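> One-letter residues, chain by chain:
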Amino acid sequence: MTTAPLDKPLSLGKTRLGHTTIFWIGFCVVIAVLAAAPLILSEFWRRFLTEVLIWGLLAMSSDLLIGYTGMISFGHSAFFGLGMYGAGAALLLVKPPNLWLAILFGLTGAAGAALFVAYFSTRLRDIYFAITTLIFSQIFYVVIFTWTSLTGGENGLIFTRPHLSIPFIYDARFTSTTMHWFVLAVVTASYLILRRVTQSPFGMVLQSIRENEPRTRAIGYPVARYKMMSVMLSGLFAGLAGVLYAVQNEFAAPNFVYFLTSGDTVIYNVIGGIGTLVGPIVGSGFFLLARELLARMFGEQFPYLIPLGMVFIVMIIFLPQGLLGFARRWLNR
Amino acid sequence: MDAVAQFFNAIPLDLIIIQTVNGIVTGMILALIASGLTLIFGIMDVVNFAHGELFMLGAYVGVVVVAATGSFWLALVGSALILAIIGAAMQILTLRPLIGRDPLNTILATFGISLVLQNYALWQFGPVSRKIPDPMSSSFTLFYLQYPWYRIFIAALSAAIIGGFYLFLKHGKFGIWIRATAQDRVMAQAMGIPVPLVHTGVFAIGSAMAAASGVLFAPTTGVDHTMGLDWVLKAFIVVVVGGMGNLGGSIAAAIFVSLLESYATIWLDPSQAVIVSFVVLILTLLFRPTGLFVPTPK
Amino acid sequence: MSAADDSATPLVLVEDVHTYYGKSHILHGVTLSVAAGEVVGLLGRNGVGKSTTLKTIMGLVQPSHGAVLLDGNAITGLAPHKLARMGIGYVPEDRRIFRSLTVMENLRTGLDRDGVTADRRKALLDKVFAYFPVLAERRNQAGGTLSGGEQQMLAIARAMMLEPKIILLDEPTEGLMPRMVSQIGEIIEVLHQEGVAILLVEQNVPLTLAASRRVYIMEKGAVRHHCASSEIDANDPVIKQYLGV
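Sequence lines, in order, name chains A, B and C. Position one of the first sequence corresponds to residue 1 (this note's numbering), numbered consecutively onward. Position one of the second sequence corresponds to residue 334 (this note's numbering), numbered consecutively onward. Position one of the third sequence corresponds to residue 632 (this note's numbering), numbered consecutively onward.
None of these hints come from the bench; they were simulated from the model. If you're wondering where the values come from, they're calculated on a predicted model, not measured in any experiment. We put the CB at the ideal spot given by N, CA and C, even for glycine. Just to be clear, a hint being listed does not mean it is correct.
[Said to hold, decoys possible] Label pairs and their computed distance ranges (CB to CB):
{"hint": "1", "chain 1": "C", "residue 1": "Glu817", "chain 2": "A", "residue 2": "Arg329", "range": "50 to 60 Å"}
{"hint": "2", "chain 1": "A", "residue 1": "Arg123", "chain 2": "B", "residue 2": "Ile599", "range": "31 to 41 Å"}
{"hint": "3", "chain 1": "B", "residue 1": "Thr553", "chain 2": "A", "residue 2": "Phe318", "range": "39 to 49 Å"}
{"hint": "4", "chain 1": "A", "residue 1": "Phe44", "chain 2": "B", "residue 2": "Pro430", "range": "34 to 44 Å"}
{"hint": "5", "chain 1": "B", "residue 1": "Asp378", "chain 2": "A", "residue 2": "Asp171", "range": "37 to 47 Å"}
{"hint": "6", "chain 1": "B", "residue 1": "Leu414", "chain 2": "C", "residue 2": "Arg855", "range": "53 to 63 Å"}
{"hint": "7", "chain 1": "A", "residue 1": "Ile158", "chain 2": "B", "residue 2": "Val612", "range": "48 to 58 Å"}
{"hint": "8", "chain 1": "B", "residue 1": "Asp435", "chain 2": "C", "residue 2": "Asp725", "range": "51 to 61 Å"}
{"hint": "9", "chain 1": "A", "residue 1": "Met232", "chain 2": "B", "residue 2": "Asp435", "range": "18 to 28 Å"}
{"hint": "10", "chain 1": "B", "residue 1": "Thr553", "chain 2": "A", "residue 2": "Gly26", "range": "37 to 47 Å"}
{"hint": "11", "chain 1": "B", "residue 1": "Phe501", "chain 2": "C", "residue 2": "Gly779", "range": "25 to 35 Å"}
{"hint": "12", "chain 1": "A", "residue 1": "Arg329", "chain 2": "B", "residue 2": "Ser604", "range": "41 to 51 Å"}
[Unchecked claim] Here are a few chain C residues that face chain B, going by a calculated C-beta distance under 8 Å:
{"hint": "13", "residue": "Gly741"}
{"hint": "14", "residue": "Glu805"}
{"hint": "15", "residue": "Met808"}
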């Protein structure tokens, strides 16, 4: 299913550009815009955009499961939360706080959770899997909430942001702009990696599992193992999002581990378009922006989830492929 | 002999009996909620994430009716009726269009509905919890506790409602329609049974049952917009442990899980005791995934 | 020579129907008709689309092209439960009785309809129990406990409860002992005497030719041959061509 680059030119008017070229041009344009943005935005919107990217990364990791492997998971709050707490642990335990150690700890934590979830969950089909991942989120939530001595319980952990330190090259505090650029770099790299994965033979098998699991198994693929790897990969990137969140906001709290966070993630996926990888990022942008605008127009107390929830439901019924769904084929070539 | 006597003295027998009673009471409420959930799944293959919110709204409607009329019974019946209508509307508007599509869609749709309903309740009623006063304030002495008669009453009434529903299923035209549809949707249609109507009806019944549990349970704790969340989680566990679509199984599982949790609170903090139900679920999924209380794994 | 239909409107008319399962093109323009009270056979090898044709008539599968008419009115696209109420009975392959319902409850799924008086109910039940005494004996037993032949009888009896104008019978003799096969033949005759039309899908050629007035033979999703049953017998070259191994 992999097309050789510049194979079939798209008919874009009179231009004779190959699909790959158009994709990369578009990609570079988007990155450039996102990189330039903090220079012209106010502080609030700068941080806002960074948060959109972080939640987008979380949703993107979830897309690997939902859009490509066909497994709905409510477990991403656990991976995200453990990434967050892992980073927090590193930043609290090791002085001076080190960014890369935080990432390492966070990814390890998330990987552990993913392993746990993967082992139990991949033996189950759709509904059971979804419920089980939800339960696992709650297990982690309860443990984190009640093990106050370790995790700070209800109050969470507070820590300081590390320096952005690239050994021998650079060492300085983050500004909101450099923070943004760091997050953008991480998210972009994640996207490229995930894109590579979904277009690889491994990714093709995942999609085959989504299309028709029994047949994939009948052909001879060890479906459970593929599903486990998918969960692990997904969990790692979710954990990475958690680390970024911790570094950006300097705290970790149990409510992020509550399954509703996973629910939010799934909403971004559906609104943005599942199976597109970038769709979820767009979805999170749309959702968070709408929330912000509603709060500004109607006040903080406005129950924004009522209209947004209804939009979500309407989209499932009438536009299940999401905002970017029309581009799904194109983005995956 | 001394050691044996010492062992028996160490077991807090009075606590165990109290917790058994508590476990059965909670278990019956949970059974009522789970029955509706498993029924909906068994008939239509729909995992109703919004079920906890139907429970919660039922409790709130109860609050409103009691405040307006002072009658607990009116609250119970009224809430069940209103939520039956809301449930039917929900099914017709959002779930019927999704028939035939990937079941993942209904999970997402009902999840979306649960968010909308939760936030609606928060917006409409505010974050402070409300209360329904006990319809009967007398209590009896159970060891060193003044145990409210009311709790026994709700267990009995839940059992009665479930029993009544079971009879309804076993006799009468609609009971046959429901059971036939649950067994073989296609042939039920071929026999002239209006299956879309059966689906809506079942959803309405499930909603009414959830609402009734909400009203029954409300006097024991406060009513707030998050009460649905914890219960829906437990209800899902019960439904899976009892065998999805298996009515008797979910009732047995509800009592089983509630008893275990109640016993656990003797030694653990209540917020930690919930782990018990999680553990039961994990063990079930590992060893008997079709359900602990299903006679033979299919 | 083809046995042309009467000038009267046929009871059921299937007109140039194309049906797909996903991407598979199963029916390639099937056209057939059944007159009121007529027994018509539908023969063909496994997989040619006979069952799919019945399912299309019953509304269980929607055609992508073409029409199905009942008494001259288009019924394509109507829900199966409506069609059942309008007089189409369906006895599927592998019977599909409600296993956890009792025999009586199975019958009631068809019997519990609006407009059936208590007298009518009793009359229908009496009639069905007279034809199938075994069902009367087992009336409170769960459907799943019946033998294969008994389940087939129940499936037919259940369809009869709808007092249908036409019954779609899908391979009723499959998996039955020879004694039961002839019993099925008798039941078809009885139904015919009552004026119920039957569209009989079968692999059993002699039974089909004996029971029906006309036969259609299908191959690869379309009707390839159509004649009166009296014109051919089981050894006819046409039969060998389309049903031979």
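> Given the hint of 34 to 44 Å, is the C-beta distance from A:Phe44 to B:Pro430 inside that range or not?
With a Cβ separation near 40 Å, A:Phe44 and B:Pro430 satisfy 34 to 44 Å, so the hint holds.
> Using the Cβ atoms, figure out if B:Asp435 sits within 51 to 61 Å of C:Asp725.
For C:Asp725 against B:Asp435, whose Cβ atoms are near 27 Å apart, the range 51 to 61 Å is violated.
> Holds or violated: 48 to 58 Å for the Cβ distance of A:Ile158 and B:Val612?
Once the Cβ atoms are compared, 32 Å apart, the range 48 to 58 Å for B:Val612 and A:Ile158 is violated.
> Lying within 50 to 60 Å: is that true of the beta-carbon distance C:Glu817 to A:Arg329?
holds (59 Å)
> Taking the closest Cβ pair, is C:Met808 under 8 Å from chain B?
violated (24 Å)
> Holds or violated: 37 to 47 Å for the Cβ distance of B:Thr553 and A:Gly26?
Given about 59 Å between the Cβ atoms, the range is violated.
> How does the Cβ-Cβ distance of B:Asp378 and A:Asp171 compare with 37 to 47 Å: does it lie in that range?
Taking Cβ atoms as reference, B:Asp378 and A:Asp171 lie about 57 Å apart, which means the hint is violated.
> For the range 25 to 35 Å, tell me whether the beta carbons of B:Phe501 and C:Gly779 fit it or not.
holds (33 Å)
> With chain B as the partner, please determine if C:Gly741 meets the hint condition of a C-beta pair closer than 8 Å.
OK, holds: C:Gly741 within 8 Å of chain B, min 5 Å.
> Look at the Cβ atoms of A:Arg329 and B:Ser604 and judge whether their distance stays inside 41 to 51 Å.
holds (48 Å)
> Just tell me: holds or violated, for the beta carbon distance of B:Thr553 and A:Phe318 against 39 to 49 Å?
holds (42 Å)
> Would you settle whether the hint for C:Glu805 is holds or violated, based on the nearest Cβ-Cβ distance to chain B being less than 8 Å?
violated (17 Å)
When the structure is compared with the earlier hints, violations turn up for hints 5, 7, 8, 10, 14 and 15 and for no others.
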